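Protein chains in written order, with our numbering: chain A, 464 to 838; chain B, 464 to 838.
If you're looking for bench data, these hints aren't it; they were derived computationally from the structure. Model, not experiment: these values are computed from the prediction. Yeah, the Cβ is synthetic: ideal placement off N, Cα and C, and Gly gets one too. Any given hint could turn out to be false.
[Claimed, not checked] Residues from chain A that face chain B, not an exhaustive set, calculated with beta carbons under 10 Å:
| id | residue |
| --- | --- |
| 1 | Ser544 |
| 2 | Arg550 |
| 3 | Asp608 |
| 4 | Gly725 |
| 5 | Ile734 |
| 6 | Ser743 |
| 7 | Lys763 |
| 8 | His820 |
| 9 | Trp838 |
Protein chains: 2
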Amino acid sequence: MFSRVQTPCLILDRKKFDRNIQRLKSVTKASDLVIRPHLKTAKSRDVARISASVFGHRATVSTLKEIEQLIECGITDFLYSVSIVPRKLDRIAALLSTGCKVHVTVDNEKTASDLSRYCEEAGVKIPAIIELDLDGHRAGVNPSDHATLRAIGEILHEAGLLSGVMSHAGESYGLSNNQALLDCADDEAVRALQAAETLRKAGFECNVVSIGSTPTALVGRAHDGITELRAGVFMFFDLVQAGVGICSINDIALSVLTSVIGKNPDTGALIVDAGWMALSRDRGTANQAVDYGYGQVCLKDGTVLEDVIVTGAQQEHGIIQVRKGSVAKLPDVEPGDLLRILPNHACATASAHDRYHVISDRDNDIEIWERFGGW
Amino acid sequence: MFSRVQTPCLILDRKKFDRNIQRLKSVTKASDLVIRPHLKTAKSRDVARISASVFGHRATVSTLKEIEQLIECGITDFLYSVSIVPRKLDRIAALLSTGCKVHVTVDNEKTASDLSRYCEEAGVKIPAIIELDLDGHRAGVNPSDHATLRAIGEILHEAGLLSGVMSHAGESYGLSNNQALLDCADDEAVRALQAAETLRKAGFECNVVSIGSTPTALVGRAHDGITELRAGVFMFFDLVQAGVGICSINDIALSVLTSVIGKNPDTGALIVDAGWMALSRDRGTANQAVDYGYGQVCLKDGTVLEDVIVTGAQQEHGIIQVRKGSVAKLPDVEPGDLLRILPNHACATASAHDRYHVISDRDNDIEIWERFGGW
């Protein structure tokens, strides 16, 4: 199948990808919860078209480039989930003029004022979502900080821009059992609903109450009042998500195809042409129960080689060894042979590549889906 | 100066870049040593043209894409420094037909035989360099393994492809004092010369004896018999190289411009729009005497803010705090203001961007130099 492919390159298993998409879809079958998939993992027009056909016209993005690239793929309603700053507003105004809707996120009064002033001066409406901080680690307003919520809400409400609130249960990536995930999902929803209530009590509209992360979305808790669910990595999955317990290793749809380029006679290691440039420097499994180094090694047909991992990575060299303490053996391969590597973190590994080589069970043809990067 | 620039983006300080280039040039002024700069860090046609004008027509590359992109920039003699495999040889043969020269690297008999057979069948000559392994960590033949050296040498010699040997003092990146660097540079040269001698004693030609890494190249040791010097990151430098002691922080020519997008009221952290997507996941200073987290923070004019570092990075969010134990203060900035971040590892950070915004003292204009990625 891979006779004409150059290495290293990114492989997407279409069957697993489709199965993963359907899994999220099935979570919301019985409810009227809207799914707003995060397209930052895929960054692909082909994936956006599939997303639009399955989940509808809403998407979450992490860059304005994603909106600019995806406006002709059936997505017409975007949530740009990184706090806005004034220098990006002209680009958003230009996007609005193409007929799409762009929600921005805000977590402080200064930005709320800047946004309101811009919209008034430019004569545009850019709806704003107040970002909530659930774990104290990143951006967002603490949902218990009623005063700040009301202050931001008032500025946006006065300008006719307040659309709702959003929370992201980022701490779910650090969990590893189902009860903890259920508790985390409940907490995410309850605190988002609290914040919405704070705004409504102050007399402001709050139509959108958006929550989500792949693990908390997939555990499928239902909460009245939550209007939409966000998730991104669910379509590909990765070793970190397997470590969280929300998928199995065999659900991971993304891998890097690599050539064996040598063997180290002293250490027995295999050397491959996928280094950190192809795999990324992400070591997301380092603090999980099972550490996969820079990735889990598979045969070229995708068969997982238990305990065979990428123990080291330089720019264009990967080093494959058996996990310390394991009695497993390295595969019987020679320079020129192919292997595949499952990624720690799909977002990071995919970002190193400019296309997906999409494989399916149906035939030996490889379809190419272009990717884009940048901001 | 940055009023019309979108963030995050990559900034290249032209004055520092030029000074860094001249520094390597001056190392070899008194000798007839040839410099073969590594263009994997820059991946830019503009940089290749400057390299050709200063160092001449030779370059080292880490991907075939680099050759395909740079053949019209004054570079006509390439060393592809990642062990070759058969599936890449058709692309090299196509490159030879454009008139350029491509040396490949080989570290085992199987690959040497595959290369010889390909060249015979295709009627082409692809000169090969035997890669040496100085630290037992990666690819390459141990220079003391005379039998393997001779076996590979014989196959390549018979096919008329043997060009020489190359070593890379990768362990120099782990050093931090000048005497250790001098010893490392001597060791690199002595062992490369030993390997060349082994091949010559066996009756094979060995015209090229190539050594190099930025730290060992810049300490400027001279050794009779060494024909060429390779270095890559020297043109930009980074925090890892500063930690090695081969440059100062003020020599670092590369930085990421970022917008402050928020503040965390509880931790006091600044949140910026440069996450690991813009900075890379590289934590190369983690094991050095001074750990810079995901980067050293500067004011937008480049003034270094001592002990202010990027302590955390998510995909599009960076978290800026004062180093633990320091009495330094965070800069007085608001959402929308700009900061700059010096990278741990220039190769990794640059690879996240598709262009350099080149600034100079001369004027306020920003020149754009495109970058490319991929293989």
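Verification of the hints:
1. Ser544: holds, 8 Å
2. Arg550: holds, 7 Å
3. Asp608: holds, 8 Å
4. Gly725: Hint holds; A/Gly725 Cβ to chain B Cβ min 5 Å, cut 10 Å.
5. Ile734: Check passed: Cβ of A/Ile734 comes within 5 Å of chain B, closer than 10 Å.
6. Ser743: holds, 6 Å
7. Lys763: Result: violated, 12 Å to nearest chain B Cβ.
8. His820: With a closest approach of 12 Å, the A/His820 hint is violated.
9. Trp838: holds, 6 Å
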